[in-house]
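Q: Here is how the chains run, residue by residue.
Number of protein chains: 2
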Amino acid sequence: MSKSHAHRLWIIEALEMRLASPSTLTLTQRLYQSLRDWIQDGALGTGSALPSSRHLARELGLGRNTVLGAIDRLTAEGFVEARPGAGVFVAEWRAGAMTEALPESDAAATTPELSTRGQRILDFSGVLTDRHTAFAPGVPALDQFPRERWQRLLRRHHQRAPLEWHDYQQQGGVPALREALCDYLRLSRSVRCRPEQILITQGAQQGFELIARLLADVGETVWMEEPGYGGAHSCFVAAGLKTSPLEVDSEGARAANMSTGLSSPRLIYVTPSHQYPSGVTMTLPRRMALLEAARRYAVWIIEDDYDSEFRYASAPIASLQGLVDNGPVIYVGTFSKVLYPGLRLGYLVLPEALVEPFKRANARLHREGQYVAQSALAEFIAEGYFVRHVSRMRELYRRRQANLRHALAPAIALGLKLSSGQAGMHLVAELGSLELETTLVTRGREAGILLSPLSRYYSKPPGKPGLVLGYAGATETEIASAGRWLSDAWCELSCSDSG
Amino acid sequence: MSKSHAHRLWIIEALEMRLASPSTLTLTQRLYQSLRDWIQDGALGTGSALPSSRHLARELGLGRNTVLGAIDRLTAEGFVEARPGAGVFVAEWRAGAMTEALPESDAAATTPELSTRGQRILDFSGVLTDRHTAFAPGVPALDQFPRERWQRLLRRHHQRAPLEWHDYQQQGGVPALREALCDYLRLSRSVRCRPEQILITQGAQQGFELIARLLADVGETVWMEEPGYGGAHSCFVAAGLKTSPLEVDSEGARAANMSTGLSSPRLIYVTPSHQYPSGVTMTLPRRMALLEAARRYAVWIIEDDYDSEFRYASAPIASLQGLVDNGPVIYVGTFSKVLYPGLRLGYLVLPEALVEPFKRANARLHREGQYVAQSALAEFIAEGYFVRHVSRMRELYRRRQANLRHALAPAIALGLKLSSGQAGMHLVAELGSLELETTLVTRGREAGILLSPLSRYYSKPPGKPGLVLGYAGATETEIASAGRWLSDAWCELSCSDSG
Numbered sequence: 188m189s190k191s192h193a194h195r196l197w198i199i200e201a202l203e204m205r206l207a208s209p210s211t212l213t214l215t216q217r218l219y220q221s222l223r224d225w226i227q228d229g230a231l232g233t234g235s236a237l238p239s240s241r242h243l244a245r246e247l248g249l250g251r252n253t254v255l256g257a258i259d260r261l262t263a264e265g266f267v268e269a270r271p272g273a274g275v276f277v278a279e280w281r282a283g284a285m286t287e288a289l290p291e292s293d294a295a296a297t298t299p300e301l302s303t304r305g306q307r308i309l310d311f312s313g314v315l316t317d318r319h320t321a322f323a324p325g326v327p328a329l330d331q332f333p334r335e336r337w338q339r340l341l342r343r344h345h346q347r348a349p350l351e352w353h354d355y356q357q358q359g360g361v362p363a364l365r366e367a368l369c370d371y372l373r374l375s376r377s378v379r380c381r382p383e384q385i386l387i388t389q390g391a392q393q394g395f396e397l398i399a400r401l402l403a404d405v406g407e408t409v410w411m412e413e414p415g416y417g418g419a420h421s422c423f424v425a426a427g428l429k430t431s432p433l434e435v436d437s438e439g440a441r442a443a444n445m446s447t448g449l450s451s452p453r454l455i456y457v458t459p460s461h462q463y464p465s466g467v468t469m470t471l472p473r474r475m476a477l478l479e480a481a482r483r484y485a486v487w488i489i490e491d492d493y494d495s496e497f498r499y500a501s502a503p504i505a506s507l508q509g510l511v512d513n514g515p516v517i518y519v520g521t522f523s524k525v526l527y528p529g530l531r532l533g534y535l536v537l538p539e540a541l542v543e544p545f546k547r548a549n550a551r552l553h554r555e556g557q558y559v560a561q562s563a564l565a566e567f568i569a570e571g572y573f574v575r576h577v578s579r580m581r582e583l584y585r586r587r588q589a590n591l592r593h594a595l596a597p598a599i600a601l602g603l604k605l606s607s608g609q610a611g612m613h614l615v616a617e618l619g620s621l622e623l624e625t626t627l628v629t630r631g632r633e634a635g636i637l638l639s640p641l642s643r644y645y646s647k648p649p650g651k652p653g654l655v656l657g658y659a660g661a662t663e664t665e666i667a668s669a670g671r672w673l674s675d676a677w678c679e680l681s682c683s684d685s686g
Numbered sequence: 188m189s190k191s192h193a194h195r196l197w198i199i200e201a202l203e204m205r206l207a208s209p210s211t212l213t214l215t216q217r218l219y220q221s222l223r224d225w226i227q228d229g230a231l232g233t234g235s236a237l238p239s240s241r242h243l244a245r246e247l248g249l250g251r252n253t254v255l256g257a258i259d260r261l262t263a264e265g266f267v268e269a270r271p272g273a274g275v276f277v278a279e280w281r282a283g284a285m286t287e288a289l290p291e292s293d294a295a296a297t298t299p300e301l302s303t304r305g306q307r308i309l310d311f312s313g314v315l316t317d318r319h320t321a322f323a324p325g326v327p328a329l330d331q332f333p334r335e336r337w338q339r340l341l342r343r344h345h346q347r348a349p350l351e352w353h354d355y356q357q358q359g360g361v362p363a364l365r366e367a368l369c370d371y372l373r374l375s376r377s378v379r380c381r382p383e384q385i386l387i388t389q390g391a392q393q394g395f396e397l398i399a400r401l402l403a404d405v406g407e408t409v410w411m412e413e414p415g416y417g418g419a420h421s422c423f424v425a426a427g428l429k430t431s432p433l434e435v436d437s438e439g440a441r442a443a444n445m446s447t448g449l450s451s452p453r454l455i456y457v458t459p460s461h462q463y464p465s466g467v468t469m470t471l472p473r474r475m476a477l478l479e480a481a482r483r484y485a486v487w488i489i490e491d492d493y494d495s496e497f498r499y500a501s502a503p504i505a506s507l508q509g510l511v512d513n514g515p516v517i518y519v520g521t522f523s524k525v526l527y528p529g530l531r532l533g534y535l536v537l538p539e540a541l542v543e544p545f546k547r548a549n550a551r552l553h554r555e556g557q558y559v560a561q562s563a564l565a566e567f568i569a570e571g572y573f574v575r576h577v578s579r580m581r582e583l584y585r586r587r588q589a590n591l592r593h594a595l596a597p598a599i600a601l602g603l604k605l606s607s608g609q610a611g612m613h614l615v616a617e618l619g620s621l622e623l624e625t626t627l628v629t630r631g632r633e634a635g636i637l638l639s640p641l642s643r644y645y646s647k648p649p650g651k652p653g654l655v656l657g658y659a660g661a662t663e664t665e666i667a668s669a670g671r672w673l674s675d676a677w678c679e680l681s682c683s684d685s686g
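These protein sequences, in sequence, are chains H and L. Each residue of the first sequence is one higher than the one before, starting from 188 at the first, in our numbering. Each residue of the second sequence is one higher than the one before, starting from 188 at the first, in our numbering.
There could be a bad hint or two in this list.
Put simply, identical chains are the same to the list, so a pair is met inside one copy or across any two.
[What the hints assert, rightly or not] Distance condition first, Cα-Cα at most 27 Å in a straight line; then the derived DSSO-like pairs of lysine-lysine:
no., residue 1, residue 2
1, 546, 429
2, 546, 604
3, 429, 604
4, 546, 647
Derived from the structure by calculation, the hints contain no laboratory data. For clarity, every value in this text was computed on a predicted model and none was experimentally measured.
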């Protein structure tokens with residue numbers, strides 16, 4: 188028996204075994220995969236002849252096209268080559284320099300590490316958690332969203348959608364949404380704008396990313412409130428920017444101290460309506476000083492107005508953007524708090540000069556999309572459902588905040604301090620020490636209660652100890668029970684620790 | 188008449204005029220806005236007394252609460268302050284340092300410029316165009332998408348959606364989608380993966396952004412095919428990375444030359460199945476050499492497999508990712524070409540070691556979303572609608588490519604060279620000079636035909652002259668007519684120019 192005959196016999200027998208075992212793949216796929224496996228693991232070496240397709244088909248009892256399908260694919264991929272008149276042979280498929288097979292299992296050894304900035308983003312991002320518990324900050328009352336009405340709107344707008352809405356778009360968002368939003372922002376937030384200045388984004392985060400990269404170069408500085416919003420911080424770090432902390436006191440970010448001790452900024456990020464997470468509203472003199480500082484440095488202010496719809500003590504505070512005409516302010520808004528986070532829709536209100544560059548860069552970097560949802564949202568706003576939902580949620584969240592205060596009453600009586608709660612979806616509880624913070628967070632985790640440590644909202648350690656307590660997304664019962672638990676735990680630890 | 192009496196009279200009269208003019212605002216809003224305007228423009232200076240709310244209500248014929256609503260808001264915002272027993276006065280609302288009003292109209296003069304990288308992104312991004320014409324590259328046949336079935340699926344999955352799908356999510360995508368996708372990729376693309384390795388993103392661009400920032404630091408280098416995909420290029424530039432061009436010839440990116448003359452990379456970006464835009468399939472030896480180079484430098488390869496479903500000459504070429512176990516490859520896919528771009532869904536297939544960091548960073552930087560659409564898509568794939576749609580489109584695009592070749596036949600006969608067209612959604616026509624390219628593009632624009640110049644796909648000028656002709660998204664009639672126009676234009680210009 189010749190060597191090449193034995194070789195062919197081996198292939199046929201091995202293939203018979205492979206094809207006899209159960210599989211969901213087609214015969215062609217299994218034939219292809221088997222031959223490829225053997226070529227790759229060296230069982231079929233370079234230059235080996237394959238049995239002819241006619242021979243294979245006959246011996247394996249397969250249709251000729253079944254066999255040809257496999258051979259054609261191996262040929263197209265370069266594993267085998269047909270030599271006219273001679274047959275099909277395993278090709279010289281490895282690069283000239285590589286006579287040895289690639290080491291297959293040393294990936295762990297050679298795995299490149301994360302980038303420095305990647306590691307930094309992860310250091311700040313905490314662990315993945317199931318956030319559907321009491322005290323998850325920033326989560327709205329999802330069960331209260333008028334889901335059926337929303338679905339009806341989505342369905343209708345899906346049916347009506349022009350074909351091009353499914354294509355790449357470069358309009359800056361559905362015009363009807365930008366118009367409805369513009370009316371709403373002018374009226375309720377005193378934002379000064381025309382619909383053309385609005386750019387719809389896939390969430391506020393995308394807005395921060397556009398701003399960071401289009402308006403600041405690597406190594407430049409952004410001033411950020413301290414404590415502040417980690418999501419924006421991560422975007423700036425990811426964009427290669429440095430952050431400088433702006434101290435926050437009872438009047439908001441300290442504009443007076445800005446010019447000393449800080450490297451001059453390229454951007455200034457603030458949450459003037461409801462400082463995140465402290466809850467302070469920036470006073471008018473501070474706002475004016477901030478505008479003045481931005482003018483002096485010729486830089487842009489990013490006004491993140493993430494939850495100002497929910498203001499309990501008075502009408503919503505007017506936006507910083509609307510204080511002056513053509514101010515150096517980019518207003519950032521989101522539908523995550525008012526509608527629901529999974530929607531992924533937010534927006535920028537841009538100064539005229541930035542509209543066209545931002546639209547073009549957004550279309551280039553992120554692509555636009557979700558035009559059907561945008562169109563449904565336009566109707567949701569224009570028909571008044573939006574304002575009605577906001578107003579219902581404002582009442583609900585006011586009640587939930589009261590529930591939380593009530594549940595915490597025993598601790599408050601013993602000295603636990605809470606933020607004013609004039610607005611928003613969370614309260615901040617001050618704690619006496621970082622040790623207390625850590626102990627409460629750990630015990631909370633064991634009890635299934637998500638306590639967010641205030642110190643983590645500081646970019647520079649150690650930060651002040653405290654807890655950020657979201658109350659909007661949990662039911663009254665959950666708040667009452669988790670609140671009582673927290674009150675008890677705080678009383679127990681504070682009496683024993685600080686005594 | 189005392190000065191303060193005259194002052195109060197002036198306010199009342201001015202308010203009467205304001206309230207008499209038609210408006211969609213409430214009376215409280217108009218009152219608030221008028222007073223604020225006058226405070227801001229200086230007509231009501233710091234220290235001026237406002238008429239009492241009782242007086243205002245009586246004189247203007249308004250309810251007392253209507254007036255109080257406006258005064259309360261002005262108080263909350265810091266424009267006025269109540270002095271107990273004395274009344275309400277315009278506050279010292281400007282910052283101490285700022286006695287002058289802010290200059291209101293010098294924004295243009297002080298507008299900070301775009302960042303260097305922002306300008307670079309715009310330089311590459313071209314103008315905003317209506318792309319719904321013949322020859323827009325990368326646009327699928329939107330009218331052929333099974334829209335009604337898709338809407339039915341969306342509706343059903345919307346109704347079934349658990350509440351938490353509307354919340355912030357950190358799962359890496361709907362599990363059912365990751366499973367269905369994994370089966371599909373294993374079978375049709377020979378990708379080696381488990382569902383857990385898949386991270387659903389809002390389009391392939393988001394995938395590039397994650398990779399660029401998590402795996403490379405500012406100033407590091409990514410090797411990119413030249414010519415290559417501009418969308419990825421912009422993401423890398425935005426992330427502060429340098430790009431080094433990898434020459435592409437008839438076997439794909441030139442692995443042999445990699446080690447000379449290039450700074451050592453941190454990432455390598457390739458489109459091995461169907462090089463974008465040249466259309467070349469990377470040969471197996473080149474693939475092995477690429478893997479070897481990635482191992483040598485201990486860096487990751489980004490395999491962008493954007494349109495490999497549409498392969499006409501043979502079965503789809505197996506992915507680079509699947510060539511070796513635990514290879515240093517991140518596979519990037521998108522549903523923009525197979526379903527529709529406006530959907531904004533794509534995915535990464537990550538090596539095990541990167542799964543957790545990428546999930547966490549994605550939740551932090553971009554937030555996850557669109558879980559209802561993801562769930563509907565899972566069923567669309569699992570029930571076989573996806574594969575059926577791909578297969579229908581493959582036939583359609585094959586026909587459309589043939590139509591284009593037919594329409595260009597007169598030019599081809601005179602020497603116009605086209606790429607092989609074994610796969611994908613576009614052909615590349617080579618041109619004799621950059622002047623010819625420019626002239627054709629300009630004339631095309633005048634004729635309403637979108638011609639994408641090949642030279643713009645090069646990151647370093649001048650690039651080779653040519654045209655990238657998308658044929659997938661235009662009807663046969665449009666292709667025939669635009670193709671004939673192009674053939675005529677080419678013949679006319681080539682005969683007169685090169686003669």
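Q: Against this structure, judge whether each hint is valid.
A: Taking the hints in turn, this is what the structure says about them:
For a Cα distance limit of 27 Å, the shortest separation of residue 546 from residue 429 qualifies both inside one copy, at 25 Å, and across copies, at 24 Å. Taking identical chains as interchangeable, the C-alpha atoms of residue 546 and residue 604 are never at most 27 Å apart, the minima being 45 Å within one chain and 36 Å between chains. When the C-alpha separation of residue 429 and residue 604 is checked against a cutoff of 27 Å, the pair qualifies neither within a copy, at 33 Å, nor between copies, at 51 Å. Within a single copy, residue 546 and residue 647 get their C-alpha atoms only as close as 34 Å, which misses the 27 Å cut-off; across copies the closest is 25 Å, which meets it.
The structure fails hints 2 and 3 (numbered hints given earlier, in ascending order).
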